[in-house]
Every structure is written in C-alpha cells, then in structure tokens.
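When you get a sec, could you build the whole thing from the sequences and use the hints?
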Amino acid sequence: MTKKLLLVSISAPMLLSAADKITFTENIAPIVYQNCVTCHRPGEAAPFSLISYEDVKKRGTLIATVTKAKYMPPWHAAHGYGEFAEERRLSDEQIAAIGEWVKQGMPEGDPKKMPKLPEFADGWHLGKPDLILEMPVSYELPASGSDVFRNFTIPLNLKEDKWVRAVEFRPSARKAAHHALFAYVQSGSTARLEGLDGKPGFGGMGTVGVTPGQNNSGGLGGWAVGGIPVFLPEGLAMPLPKGSDFLLQMHFHPTGKPEMEKSLIGLYFADKPPERRMIGIGAPGLFGFGSGIDIQPGEKNYTIRDSFTIPADVKAYAAVAHAHYLARDMKATATLPDGSTKPLIWIPDWDFNWQETYNYKQPFDLPKGTRIDVSIAYDNSTDNPRNPSNPPKRVLFGEESFDEMGAVAIMVTAANKADEAVLQKAVADQAQEAIKRGLADGTAKRYLEHQAQRGAPRVPASRQQQITLLDRQGRTVASVGEPGLYSQAALSPDGSRVAVVRTDPRTSNSDVWVFEVTTGKGTAITADPEANTCPVWSPDGRELAYVSIQGAENVVYRKPADGSRGPELLYRHPAGAVILTDWSRDGFLTFWSGKATYALAVDGDRKPVALFNESHSVRGARFSPDGRFIAYNSDESGKLQAYVGTLHRTGGTLSAEKGPLVSAGVDTAAGGLFWPSNGKELFFLAIQPEQTMMSVDISTGSGFAAGAPRRLFKLANPMLAPAQLSSIATPDGERFVFLAPAAAR
Amino acid sequence: MRLAQISFWGFAAVASAAGIQIRDLDGRLLSLFHPDGKVNLLFFVSSDCPISNSYAPEIQRLCRAYESSGVSCSLLYEDAGITVSAVRKHIAEYRYGGIPAAIDQKRLMSKAAGVSVTPEAVAVDAQGQIRYRGRIDNFYAAFGKSRQQVTEHDLSDAVDAVLAGKPVINPETKALGCYIVDPDILHK
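The listed protein sequences derive, respectively, from chains P and R. Just so we're aligned: the first sequence equals residues 210 to 954 in the numbering used here. Just so we're aligned: the second sequence equals residues 5 to 192 in the numbering used here.
You may find that some hints are simply not true.
[Stated by the list, open to error] Far from chain R, some chain P residues (derived; all Cβ distances over 12 Å):
1. 275
2. 372
3. 550
4. 881
5. 951
[As the list claims (entries may be wrong)] Here are a few chain P residues that face chain R, going by a calculated C-beta distance under 10 Å:
6. 534
7. 690
8. 692
9. 694
[Claimed, not checked] Beta-carbon label-pair distances, calculated as ranges:
10. R/115 / P/383: 54 to 64 Å
11. R/145 / P/736: 31 to 41 Å
12. P/845 / R/115: 30 to 40 Å
If you are wondering where the hints come from, they were derived from the structure by calculation, not from laboratory data. A virtual CB, placed ideally from N, CA and C, is assigned to each residue, including glycine.
The following block contains the structure:
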C-alpha cells in the first residue's frame, strides 16, 4: 500500500511534464533528417554528420545556437517575401523545440520511434548525364588565406549545337567548394589567361560568361553548397552552341589544409530546341555600371535604386541577386499595371558567399507594363565585418572584391514567342543606357584604372616588417627590400645578403628568401606549399640550409643561395620542430629540437648526434670561428641565459661540454648569439627586462675567459619575436640585421 | 595542487591549474601552467570543427614567429572520444607537426584554462599565470561571417605585451567556434 502510494506521488509530476518532454527519436530526428542530413552526412560538404543520436547530442549546444541565430540551415532570402521551392528553413516551433531539447539534457527517447534516414541518390542526382565533363588537371587550393575565386576552362568539342536542361556539379574538395557559376565561352577565348600564375585555371571574380553585346558566350546557371540540381521547367533549355568551351568559376573557402579540386560536371541535354528562352530581366542594368556607385568610407546606408518596366507579358521562374561584400540589403518588388504589388525577393543580410538561384515554388505571370523596382543598400563602415578594407576606403564600381556592383534579376519567359525579341531588345537598351551613363559620369574611366589586381591580405600593413641593418650604436644604416612579413633574418658570411623567412600574408605560407643588401633585390629560394623556415648560411656563403615542415616531419635541406639548383635532402626529423642555428666551417649543422641540441655532419652520415649530455634545455647554438667553442642558451638557472661550452672532436663526431655563463647580470637572454671573426667578442641578445644587444669580451689564449657583458644598444620597441638565432651580424661585428616594424619607419 | 590567483587588469579568475599535467601523444608530460620561465600558448582545438581547422595555418605561423622568443605552443584536442591515431592523422593533414599535442580526454585542461570552445587560445606567462584567454584574432565576426581582413590580433597583441613585460590590454575575448562538450556526454 505504502509502496503504491509512493509510486503515484512520484509518477504524477512526471506524467504532467511528459507532454512537454522532447526526445530525439520522436521530435528532433525528424527535424534533423528533413533539414540537415542532405549536407551533414559522410562525403558531403558539411563538416560533420548528424545521423545518429550521438552525432547530434555531441553538437547539441552548437545546433541550438546556430539554428536560433538562423545561420543553419543556410537560407538568405526573407521568409514570406516571395515563395521559393526548396526553402531551407526551420519554423520557429522547430527552433524552439531544439533549444528546449538541449535544455532538457538531450534525452534519446524510445529508439523504436527513430525515423528512417532519408535515401540519398548515390552518384548523379539527376541520373546519368548526357555528357560528363571533368577538369583536365587538379587545382590545389592553399590551406589558408582569403577566399579564392578560380576559373577553369573545360573543352567541350561539341559536334552540334546543344540545349541544356540541367547542370549537375560534383566538386571533389567538398569542404572547400562554396559556390560555382557555369557559362560557355567561345572555344580558346580564355587560353591567354590560363595558367598565368603557374597553376591551373585563372583568377578573378568577374561575371562569368557575360560579354555584353556578344552572342558567343552565355550563362549556364550555378551551384551553391547544399543546392540540389533541378531540371529547368518543361520546354525550357539554355543554349550551348558548338565551338564553345565550358567555363567554370569556383569560389573556395580555404579549410586549414591544402585541398585538391577536380570537379565533375554532368550536362543534361534537351531533345530539341526549347520553345521558349529564359531571359533575365531586372535592375540596374549591367550590374550598376551606370548607377554612379561611389561609396564614401564610413557610409552605413548607401542605397541605389533602379527600375525596369517589362515590355511584354512574361512568366517568372526564379530570382537571382549579385553584389560584392559591402551590399547589405537587396530587394526587388513588382508593381503591376493595376497598382498592386508583388514581392519578388528580399535578401536582408546579403552574403556574397551565397549566390543562389531562388526558384519560385509556383511560376507566376507578370503582365506587360509591370515595373520591377530594385533597391540595394551598401554598408561601407567598420560595422560591416565583411568590409574588405580596414579602415574603410572609398568604393567605386568594379569587378574586384574591393569594388562594388549589384543587380537583382528575375528569370522569365515571354508569354508569346514573338515577344522574346522585344524583351531582349529592352535588356540590350538598358545595358546601352548604363554604358552611356557610365561613360558620362567617369565610371568607365575609373573602372579601367581600377583593373589593377588588388588583394585582401590577412595580415594588414601595420604588422609588416622591414629588414633593417643597424650599427653598433643601434642606428639604422640600411633598409633592405620591401616591407613584408619576415622572421629569422640571417646575414651572409660576407655581409652582402640577408636570408630571411618570408610569409605570404594571403596564405600564411612561409618561404626562404634572399635579399641583396645594396640593391634590395629579393629572390625566393623556396616556393612550395610547405612552410620553409630557419635559413642558415654555409661558411662559404654559397649555400643555405633550411627546414621544411612536411606534415609531422621537419625536413632539413641544402640549396644553392642563388636558387640555381634544386634542394638536396639532408635529414628527416620524425617528430618535433627542428630549429637550425648554424653551419660550422668544418661542415656540421647544428639545430635544436625539444630540449636537446644536435650536430649533423653535412657531408658525413647525416645522423644527428646530441651535442650535450644535459637535462636542461639547450638551444640556439653557434660555433666559434676557430671551432673550439660553442655558444648556446640554456635554462639551467631557471631562466634562459647565454653560455659558452667547449667542443670536442673524436673521429668524425662532435660533442660539447657545458661551460660558463656569459650573460651575468642579465635577467633573460635568448638568441642573438654571434661570434665576430676575430674571436675576441661574443654578442648575445638580452630579452628581459629590455631587448638589448649585448657584447662580451672573450679571450681564448689559455682556456676560455669572458668579461662582463656590455650593452651595445637597446632595440626599439616593439621589435618583438626577433627570431634572431642565426648569423645576426657581419663578421667584422659592425652591422646587425633586425626586422623592424615597417610602420614605425 | 597550488591555487594560482590570477588577477590582471580587470581580468580575475581563480584556477587550481598550476599542478595539472597532461601527457602528449608521445607520453611526455606537459606542465602547461607551471612557472617555467617561458610563455606557453595553449591552443584548444577539435578535429572536425571547421573554424578550428581553418586556424591551423595561423596557429602554426604564430608558433613559428614566437618560437625564438621563448614562447612554446601546445595543442589540446577537445573532440569527444577522439583516438590517438585520429589525432595523429589530423596533425599530419593540417601540418601541425612539431607542436606538442595532447588529447584533453577528461577536459581537465580546458576546465583549468576556463575555455569553452574550439579554437580558443590561452597564454600562460613564465610565472604560470594565465594572461590571455579567448580568440586568436577576429577573422570570424559571427558564425558564417568571416572578415575580409583581420582587424584585431588579440592573441599576438597579448603575447607581445607579456614578452615586453607590459599589461595585456584585452586579457579576455570571446572565442567563436564549436562548443567543448562534457566527455561523458556520450555515455549519459
């Protein structure tokens, strides 16, 4: 009796809340399966699968956050402003249910209620294509940097004119490919652009396939991540004349590792020429060439407005929009001759990454005399995180990412075949009018001037450095080469050249460069997708040794300092960073990895030998000119300090014995160890409390003796991360190389 | 376990962090919060978070740039249930070679550091104190909204300040990425 009562009292509140209880199998899985798994499944574009309960539970908080923020599922048209097919959108109730489920601790529920995973077509979604195109060669996308826009030309070799009902696109770099535009161009017309930079295809984000006033090129639609290919409505097809090449423009997001792209494209042809042509009508003409776009920096709401009056009865199938990074809000509305309005599309937070074709759920008629009004608002302030310029710059019309343009087009067919010519003439007239206005207001002239290639470096100019030579008083005596992202500068043994690691601000990839001190001429010694670091000069100044970071391995190479020959592999380090610091006159390289310092006989067996028998960290080793001593940094006192040890040679091997502290009175010393050739002095770098170049007098006559450290010069703040580990000075000890902030000059 | 009082310019937290150690993939002990005379950068990452992965080259660049200034780096993998071989594969794919990496299986490191997402960075100074916690830079303004140009280099600004013996101006920023989840979540 008591037991029964207890049961009732416990289960009553549970029953009460059961109505609100949200479980995975019953409530959440149906939402996820219907809206997420198209992309969130193995082999698809999304970063992780959302198939099992565990998959979703692991990501619960993230899913609740991104659905609430309406970042996922990705859909950028405002709900209710035009009705679109395949709208990727969760209802407010579904979003609330996910949030509540996470709040309730993400219970699984009854496994028997788990819905069936939707079936996905393997391979071609639309069935076997009539023609399969493949990129002739793979394109390697860098691991990082700004987005990449790349055009690829694929020969078609058509024997006759074709009509395209659908294009299905299958990128190979699924995680990196974001969207693609298709077009046809006259065969061979892009040949002069191909491979100019040594890579397949050519760069640029110009409007693919649009050559105003010419009939030998045209658009063939596009693809965006998550998009499902569809056939054009019955009786419609896009022309693809013989004598054309297929042009593919891809937009990639670098993913953090290099990705290879070799897309497959499936073309589906119509049996016969279409009864109707799809024609894009909208505003402004020529993407705003005649709209006088001139956006002042800081302008938060710069709006252009334009209209197009439809000269014939049409049927509308889809809406497309295009603009660059500053556009915020794009809207198109139709005003019918009877004065009523019809929403066409509204993209309230325009995202350049999502250039989609928005197909109407139900195609609809627009009568002759309907006016399409388009407004596009731009934000050129710092509040717009997508602004390519910081601080914002004046922005004019142009094709590059720093420029702006914009248009909304509605894809229509003429209700009467005879009106196609009328529509096409109206579109051509609109373009002519835009050109006339663009010529009159100076847009055309500025547009040509702005064709010069500009980019969006990840690291702004304020972070750049200048290779700088200082004298013993710390005065700048020379600036070498152009500003850039540099580290690990090393002066050649004759002082005529500087080897340095240069990082490409767009890709963050590093290569070894050599700059001539007198002319400032720079030459890339390495140029590959690996990060190359730590250049050290051979004693004769003819070669460089450096480290190439390849996956988990650090690989040491040597190469002529004029780049005249390919690299020669010296040593592969299985795991851990290798920091090369010196190359002795008798042919030993020294490097540190972890806590230990090693010597490697360049022309010997090339097996590294630990130099010191030490439990403390030893690093930054530099050989004395006579080869008897070795300067190094060690943390045996608890802080990094400079020491000089003694070298021993037995047979072909080298060993070192630890020796006295030479940085007495200095808080912390790291790097900057250098022996001028007279052997009477040793430099080191104090980094705490101030970055100071120090000198110690040395005598080696009857054993090693060092004087008290003297201050040569203090480095101007913030000359941080000096990475001064190799030959930082000229052999006479008169010139020092440092990397000064470029902006401070 | 020693309680480390962290209080720097408006940034206050108490962490029982100093004594916590973790073994890296090769079994070596990493003492991430011990005073060891160096600045330690801890990067909390996960292998299938696109934001975390997209930072791989930048993390490597930062570690290379500061290596010679006595700054060391560690990677802490926060994926639920990830295996050593999966981490090794990820390291090779994203070219993280050379940076000591550990699997923070029990979330002891992320809890001690007070981080909640990947990627998130923490700078520990030579005295074992946390001087910076948060995003690496402001490349991402929001989910799906990346900048064309990074305008705040929060982590390197902080490291520069620590190396120069100066206060860190923004010792805490909000990192954007994938949430670190309780390791037991899969077994609950």
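Problem - Cβ distance range 31 to 41 Å for residue 145 of chain R and residue 736 of chain P, holds or violated - result: holds, 33 Å
Exercise for the section: Please settle this one: residue 372 of chain P was flagged as non-interface, so is its CB more than 12 Å from every CB on chain R? Expected result: holds, 37 Å
Exercise for the section: Hey, is residue 275 of chain P genuinely clear of chain R, shortest beta carbon separation above 12 Å? Expected result: violated, 6 Å
Exercise for the section: Beyond 12 Å from every chain R Cβ: check whether that's true for residue 550 of chain P. Expected result: Holds, because the least Cβ-Cβ distance between residue 550 of chain P and chain R comes to about 31 Å, which exceeds 12 Å.
Exercise for the section: Report holds if the minimum CB distance from residue 951 of chain P to chain R is greater than 12 Å, and violated otherwise. Expected result: holds, 15 Å
Problem - Interface hint status, residue 534 of chain P versus chain R (Cβ within 10 Å) - result: This hint holds: residue 534 of chain P lies near chain R, its Cβ roughly 6 Å from the closest one there, short of 10 Å.
Problem - Closest C-beta approach of residue 692 of chain P to chain R relative to 10 Å, hint status - result: violated, 16 Å
Exercise for the section: Take the C-beta atom of residue 115 of chain R and the C-beta atom of residue 383 of chain P, compute their distance, and say whether it sits inside 54 to 64 Å. Expected result: With a Cβ separation near 35 Å, residue 115 of chain R and residue 383 of chain P fall outside 54 to 64 Å, so the hint is violated.
Handout entry: Satisfaction of the hinted span 30 to 40 Å by the C-beta atoms belonging to residue 845 of chain P and residue 115 of chain R
Key = With a Cβ separation near 33 Å, residue 845 of chain P and residue 115 of chain R satisfy 30 to 40 Å, so the hint holds.
Problem - Beyond 12 Å from every chain R Cβ - status for residue 881 of chain P - result: violated, 9 Å
Problem - Satisfaction of the residue 694 of chain P interface hint, Cβ to chain R closer than 10 Å - result: holds, 9 Å
Exercise for the section: Please verify that hint: residue 690 of chain P, Cβ, nearest Cβ of chain R, below 10 Å or not. Expected result: Given a least distance of 19 Å, the restraint on residue 690 of chain P is violated.
Hint check: violations occur at hints 1, 4, 7, 8 and 10; the rest are consistent with the structure.
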